[in-house]
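Fit chain B to the known structure of chain A by using the hints.
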Amino acid sequence: MKKVFIDSDVVISSLISNTGAAYFLLNKTDLKLFISDKSMEELERVVEELGLNKTKLKKLIKNRFRMINIKKTTEKMNDYVVDSDDAHIVEGAKQAKATFLLTYNTRHYKIDKISQALRIVVTTPAYFLQYLRSIS
Amino acid sequence: MISNQDLPKVYTPEQVAQILQLSKNTVYDLISRGEIIAKKIGKVYRIPVSSLSFVFTGLDEDIYKAQQEDLKNIGKIHKVLSKVRKEL
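From first to last, the protein sequence lines stand for chains A and B.
Going by the working numbering, the letters in the first sequence line up with residues 1 to 136, in that order.
Going by the working numbering, the letters in the second sequence line up with residues 1 to 88, in that order.
Isolated chain A, as found in the complex (with noise of 0.2 Å):
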């Protein structure tokens, strides 16, 4: 089973739209689904602030995730992002050894380093979903 970790902007589409191709990744595929304590600091923060239903997302983080505890982001996961404050994502990804990272920022993260450095391929959702398609 394909290990994916998940971006917060896409768990927040998911929790926004269930038509969207978040939605149908989070809630309608068989992968091992990943985010970190840190990403779930920031998604309560988030869907407080957007109004978001707040059990909606402890419910799918708990029936859908698995949740990767990182103790310290490495100074070096700041050589695969544009900006610092996305790095603790690429430390998660890491940790969880998946082998994609899935976002809908993906001009924040310096792609092609990441991939060959830690073998992690970053694309959004529609891309991710067009390639199960495409393996299928």
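Treat the hints with care, since some could be wrong.
A few chain B residues that face chain A, going by a derived Cβ cut-off under 8 Å, partial list only [stated by the list, open to error]:
(1) 10
(2) 12
(3) 14
(4) 55
(5) 58
(6) 59
(7) 60
(8) 64
(9) 77
(10) 78
(11) 88
BS3-like mimics (lysine-lysine), calculated; alpha carbons at most 27 Å apart, straight line [unchecked claim]:
(12) B/83 to A/62
(13) B/79 to A/59
(14) A/76 to B/83
(15) A/28 to B/76
(16) A/2 to B/65
(17) A/54 to B/79
(18) B/76 to A/56
(19) A/97 to B/86
(20) A/59 to A/110
(21) A/54 to B/86
(22) A/59 to B/83
(23) B/43 to A/32
(24) A/38 to B/65
Over the 12 Å line for every Cβ pair with chain B, so calculated as not near, a few chain A residues [unchecked claim]:
(25) 1
(26) 32
(27) 38
(28) 45
(29) 59
(30) 60
(31) 66
(32) 67
(33) 69
(34) 72
(35) 95
(36) 97
(37) 112
(38) 118
(39) 128
(40) 133
If you are wondering where the hints come from, they were derived from the structure by calculation, not from laboratory data.
Keep in mind it's a predicted model, so treat the numbers as computed, not measured.
Ideal Cβ placement from N, Cα and C applies to all residues, glycine included.
Structure of chain B alone, referenced to chain A:
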């Protein structure tokens, strides 16, 4: 009144074969299997541009539409997410 510009573009199976670099027979086969959605008008087929979504976007039409649905809100999400990431 509908102008020509408002009408969705359609292709013949021959044109689609050329675009996708397939044989004409393969295109007819894909039509009969439902992988390319076409309209039979009399004895000929016409294929709407939406059936060729993959050619233009790299995504099948349903996946492309699902992506567009998410993108409606992504600006708002990124704004809040980036603010929260700065604060944490």
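* Kindly indicate which numbered hints from before are broken by the structure, ordering the numbers from low to high. => 1, 2, 3, 4, 20, 23, 24, 27, 28, 39, 40
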